[in-house]
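Enquirer: Let the sequences and hints guide you as you build the complete structure.
No gaps in the numbering here: position 270 of the sequence shown is 270 in full-length UniProt numbering, and each next residue is one more.
Note that these hints are calculated values from the structure, not bench results.
Take these hints with a grain of salt, some might be off.
Stated by the list, open to error - List of simulated lysine to any residue pairs, SDA-like, C-alpha gap at most 25 Å: (1) 187 to 200; (2) 217 to 72; (3) 72 to 196; (4) 258 to 193; (5) 187 to 87; (6) 126 to 188; (7) 187 to 118.
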Amino acid sequence: MVKNTPWVPGGESTQNNNMARAVSGEWGLAHKTAPTVLEASDYIGSSPDETKSLATPALQSPFVQGLMESAKQHSLPISVGIHEPSDNPTSSRIKNSLIWISAHGELVHRYQKLHLFDLEIDNGPKMRESDVIEPGNAIEAPYPSPVGKVGSCICFELRFPEIALSLKRQGADVIVYPSAFTPETGKVHWLPLLRARAIETESYVFAAAQVGQHNEKRRSYGHSIAIDPWGEVVAELSGEQKDEPEVCFVDVDLEKVKKTREMVPLKRRTDVYPEV
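Expert: Here it is in structure tokens:
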């Protein structure tokens, strides 16, 4: 059975609300699809203080409310990355979340990023996500969607195969990595890591990526990509020089997932090493 899913790579964060709603509406309705949108789709702050100050509970967020309305109006589910306040009232940090909005316009699934991106490159960018973001504590089970069972990861977590392997073991057909990669790391690591995650799990991998200049301190690599269970790139969008939003539609063939796993069965030796 073949299903279609698009993902939406974006540039300026100020464009993301209209862009995401457009995909869930006109483009999504035309193609009967399940949109997958970016990490931090609501905004990318220019400072830690701004990033924390803008975080809004999902159900009170005008951005999320607009997407919920669009999902319900067009009977199309949406996966989107957002910021949320911590559940701990004494915490000085916020959450980096990936939510799933059902075709009925309800928020039915949430994943909180586990691994935080701290970076210090010689003569290059320095970032400490751990100063702003509170890490989650659970790998969430894959959830049903029009394109099979979807497993959730976020950005930096493509460097951790353990999560992808756990999601595959729990039945994931598709693993998503909404991202905002730096150009410095993206040029070398983006494609090989995503292909590795697809190959080792024999799953589709979708990585919707922020692109272009967000503010004077922040630029994203782009190159949103879709990879099939054999590790082949089936679609890719523009890189960091692109400042306008783009969208792409990808066919998801669940029979290909099944066939790949039959052709190359990955029989883990859990009698020798622990199961992930």
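Enquirer: Look at each hint and say if it fits the structure.
Expert: Right, here's what the structure says about each hint:
| no. | hint | verdict |
| --- | --- | --- |
| 1 | 187 to 200 | 22 Å, holds |
| 2 | 217 to 72 | 37 Å, violated |
| 3 | 72 to 196 | 36 Å, violated |
| 4 | 258 to 193 | 22 Å, holds |
| 5 | 187 to 87 | 36 Å, violated |
| 6 | 126 to 188 | 17 Å, holds |
| 7 | 187 to 118 | 18 Å, holds |
This entry does not satisfy hints 2, 3 and 5, going by the numbered hints stated previously.
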